[in-house]
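Starting from the given sequences, assemble the full structure and let the hints guide the process.
Here the sequence shown is numbered in full-length UniProt numbering, starting from 1 and rising by one per residue.
Heads up, none of these hints are tricks.
Using 30 angstroms as the maximum straight-line C-alpha spacing, the simulated DSSO-like pairs for lysine-lysine come out as follows:
hint : residue 1 : residue 2
1    : K38       : K27
2    : K27       : K17
3    : K7        : K21
4    : K123      : K169
5    : K11       : K26
6    : K665      : K644
7    : K239      : K123
8    : K432      : K472
9    : K707      : K653
10   : K27       : K16
11   : K6        : K21
12   : K712      : K665
13   : K24       : K38
14   : K74       : K169
15   : K74       : K123
16   : K6        : K27
17   : K61       : K74
18   : K653      : K665
19   : K6        : K16
20   : K712      : K644
21   : K357      : K432
22   : K16       : K26
23   : K169      : K432
24   : K665      : K707
25   : K357      : K169
26   : K27       : K11
If you are wondering where the hints come from, they were derived from the structure by calculation, not from laboratory data.
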Amino acid sequence: MPKSQKKQAEKQNDFKKSRLKLGKGKKPASNAVDTSFKAHSIALPTQSITVDKSQAGPSTKRRHTIQDLLSLVKHYSPSSRKDAIAGLRELLQAHSDLMLSTTSSVIPECCRLVADEDASVRKASIEFLDWYLSRLPNASIIPHAATIMLFATSAQTHIFPEIRIDAIKFMTVLLSVCPEMVISRGPSGHSQRVLHGYLSLLVGNVGAKDSSATPTSTTILSAQSKLIVITSLALFLEKSRAVQYEAGSLWFLRNSFRTRQSYNAFTSLFYPLHHDSRQISGTQPEVIRRETEPWLTSTSWDLQEIQDSIGGVVPTQSDPSIEMDLEVMIEAERSLHHVLIELFLEYSPAAFTSFDKPAASLELRLIHSTIKLAHALYASPALLENTTSPLAAHLQDILIRLSLYLPIARDVPIRHSEISGMLLEMNIIFSKLSTMLILASPATELQSSMTRRSLHDKFLPRLLSWVLQTLKGDVTVDMPMGSAIPESTLHALLPTLWISLQPSENREVPSPESVLRILVDRAQREGLSNATRASIIRIFIIIAMLQKEPEYQGGFRIAHNNNSRGLIEPSGVKPAKALDVEEAILHIPRLLWSCGAGSPQTSQALLSGLLICAQRRALDWSPSTVSQLSQRLIPYFMVNHPTKGPIMGPFAKLNGNPDCLQIQKLALDLVFALGHYGSNHRRVDTPLTQRDPNLEHLYRSVSEAVKNTVHKTYWDSLQVF
Numbered sequence: 001m002p003k004s005q006k007k008q009a010e011k012q013n014d015f016k017k018s019r020l021k022l023g024k025g026k027k028p029a030s031n032a033v034d035t036s037f038k039a040h041s042i043a044l045p046t047q048s049i050t051v052d053k054s055q056a057g058p059s060t061k062r063r064h065t066i067q068d069l070l071s072l073v074k075h076y077s078p079s080s081r082k083d084a085i086a087g088l089r090e091l092l093q094a095h096s097d098l099m100l101s102t103t104s105s106v107i108p109e110c111c112r113l114v115a116d117e118d119a120s121v122r123k124a125s126i127e128f129l130d131w132y133l134s135r136l137p138n139a140s141i142i143p144h145a146a147t148i149m150l151f152a153t154s155a156q157t158h159i160f161p162e163i164r165i166d167a168i169k170f171m172t173v174l175l176s177v178c179p180e181m182v183i184s185r186g187p188s189g190h191s192q193r194v195l196h197g198y199l200s201l202l203v204g205n206v207g208a209k210d211s212s213a214t215p216t217s218t219t220i221l222s223a224q225s226k227l228i229v230i231t232s233l234a235l236f237l238e239k240s241r242a243v244q245y246e247a248g249s250l251w252f253l254r255n256s257f258r259t260r261q262s263y264n265a266f267t268s269l270f271y272p273l274h275h276d277s278r279q280i281s282g283t284q285p286e287v288i289r290r291e292t293e294p295w296l297t298s299t300s301w302d303l304q305e306i307q308d309s310i311g312g313v314v315p316t317q318s319d320p321s322i323e324m325d326l327e328v329m330i331e332a333e334r335s336l337h338h339v340l341i342e343l344f345l346e347y348s349p350a351a352f353t354s355f356d357k358p359a360a361s362l363e364l365r366l367i368h369s370t371i372k373l374a375h376a377l378y379a380s381p382a383l384l385e386n387t388t389s390p391l392a393a394h395l396q397d398i399l400i401r402l403s404l405y406l407p408i409a410r411d412v413p414i415r416h417s418e419i420s421g422m423l424l425e426m427n428i429i430f431s432k433l434s435t436m437l438i439l440a441s442p443a444t445e446l447q448s449s450m451t452r453r454s455l456h457d458k459f460l461p462r463l464l465s466w467v468l469q470t471l472k473g474d475v476t477v478d479m480p481m482g483s484a485i486p487e488s489t490l491h492a493l494l495p496t497l498w499i500s501l502q503p504s505e506n507r508e509v510p511s512p513e514s515v516l517r518i519l520v521d522r523a524q525r526e527g528l529s530n531a532t533r534a535s536i537i538r539i540f541i542i543i544a545m546l547q548k549e550p551e552y553q554g555g556f557r558i559a560h561n562n563n564s565r566g567l568i569e570p571s572g573v574k575p576a577k578a579l580d581v582e583e584a585i586l587h588i589p590r591l592l593w594s595c596g597a598g599s600p601q602t603s604q605a606l607l608s609g610l611l612i613c614a615q616r617r618a619l620d621w622s623p624s625t626v627s628q629l630s631q632r633l634i635p636y637f638m639v640n641h642p643t644k645g646p647i648m649g650p651f652a653k654l655n656g657n658p659d660c661l662q663i664q665k666l667a668l669d670l671v672f673a674l675g676h677y678g679s680n681h682r683r684v685d686t687p688l689t690q691r692d693p694n695l696e697h698l699y700r701s702v703s704e705a706v707k708n709t710v711h712k713t714y715w716d717s718l719q720v721f
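Next up, the structure:
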């Protein structure tokens with residue numbers, strides 16, 4: 001066939017329609033796609049409809065058991081993992097009995113999700129662990145500490161910065177729930193790795209050989225991320241710092257004694273005036289209410305108190321754990337000093353512009369957290385007195401920069417209570433750090449005399465003025481008695497008040513007499529809690545005790561003559577400061593009546609302080625003073641009403657509690673001490689009827705109050721002497 005005919009036939013075949021044959025199906029098209037498939041049967045025994053889910057144990061609304069949820073936590077889908085976390089909370093919230101029995105499986109699986117690649121899964125897991133761990137006792141968390149810290153520290157060093165930021169959030173949760181496993185030191189501890197994880201975000205070149213070089217971070221953090229990291233780091237340093245204020249709140253008296261032994265001996269007298277020694281070290285003991293044997297009263301000592309009585313509450317520099325803490329804190333401060341300066345310079349102008357906003361700005365929150373971080377770094381007298389470290393000079397640099405804005409005056413208009421609380425806390429921290437630096441300056445040589453004058457002359461008058469204004473309180477129409485001062489605020493201001501009592505050549509600094517007068521007026525004014533007023537009176541007790549201490553070398557003296565160790569001048573004249581001290585002491589019986597049986601700790605502190613003054617002859621008792629004090633103590637025991645007859649005072653209401661029995665014994669010891677020492681500090685051997693009538697009336701009231709009580713024998717034995 002010729003080629004032309006062949007091509008023509010092929011063209012015709014393209015348009016030729018094939019005829020269908022009977023009984024034959026339609027032929028598929030040449031471009032048809034075969035969608036048929038063949039597969040084996042899939043067995044899903046766990047999802048079978050024949051299984052009764054009601055018999056498989058507690059389940060969620062979606063019929064998921066604890067095993068189902070733990071398997072879904074490992075699902076490849078982020079939404080499934082997030083839903084599994086929500087299901088775990090739903091299940092454990094409905095069946096709280098599963099919390100303790102499932103810790104070994106729930107904690108590892110959920111902690112693994114802290115470093116998940118999906119942000120929503122990380123957020124859900126951190127929120128769940130915050131809820132879950134806060135409801136578990138520490139004894140159930142500690143066995144899993146190694147697993148928890150493994151995932152937490154691994155997430156801190158993750159390659160992605162957002163995962164490291166979420167790891168910091170998880171670390172904040174752990175510090176709030178169980179800080180012991182985060183701050184643990186030693187070979188098996190994690191504190192060193194955790195600290196390096198924090199510093200790697202803020203500094204970058206942690207552990208560099210050249211420590212003098214300015215650290216630079218390779219991670220660029222937003223302001224919100226900086227706030228998260230700095231807040232968590234401040235909490236970590238606060239929890240992990242082992243060197244606390246020695247002897248509670250009397251650390252500022254350490255340089256006022258010739259030797260450390262004399263300082264320890266003096267502060268040991270005020271143990272009843274402070275909180276428990278375990279609270280001084282930073283740990284909060286758990287309150288367990290149980291029956292107590294009769295012989296096991298509050299006078300028995302535990303192991304911590306025995307150790308404190310032997311070695312003192314002031315840690316020695318030879319303690320290896322303390323030395324390690326000093327080295328760690330110095331290393332952290334050396335790395336963070338430049339970071340603190342940069343944060344202050346960058347965010348302070350915007351943070352302190354105005355405070356009339358309805359909520360705190362991000363810059364103010366960031367500066368607030370930065371100041372708390374500075375407090376966690378420098379709030380240790382042992383660190384500032386370390387002459388081998390530049391901490392004192394660094395703190396001085398920070399305080400000079402902060403003095404441009406702090407302390408914030410009390411008359412600044414503030415709309416939101418949150419902003420007011422943040423500003424108050426920043427002022428208190430500024431006050432504490434300034435006082436620490438001033439008190440530590442004799443032990444550490446500052447850079448120059450000009451710098452020393454800047455500390456005492458530039459911002460110290462403003463600081464003392466703010467402290468006294470805070471102590472006075474704002475008298476307004478709504479609060480005619482002045483604003484209330486929390487006890488914690490007063491304790492924080494004690495070091496600054498001690499600075500204000502020291503003699504100064506600066507005319508802008510208030511005189512010690514004016515400071516004492518303000519304290520006396522505030523202690524007698526209503527509107528404060530009994531605990532706060534007792535703390536103010538405790539200041540006068542300490543002042544009176546210091547005048548009789550032979551090792552005391554401080555600058556504050558009540559008498560004008562430094563050789564007079566008492567309240568009375570050699571000429572027999574009492575100065576104004578002595579009158580203020582006695583006025584505050586004479587206010588104690590009224591405060592004891594106000595406390596009653598509702599504040600036993602405050603009553604114990606007041607009675608202990610007054611008893612110490614009477615036993616150690618810390619006051620120059622005159623007949624009028626003893627008579628007034630005895631007269632004011634009579635209603636505390638019993639009064640004879642003209643129509644109602646004998647009425648028992650707060651002393652009789654302190655019963656049934658071993659601590660209250662101890663307080664009653666303190667009151668009896670106080671009456672005994674007042675009755676057996678006269679104005680000449682000699683034993684009074686004359687009969688009771690020949691003594692002061694007020695003292696005689698007090699003895700009769702005590703005898704009536706202890707009649708038919710467990711203290712009757714004890715009081716009779718005291719009267720024999």
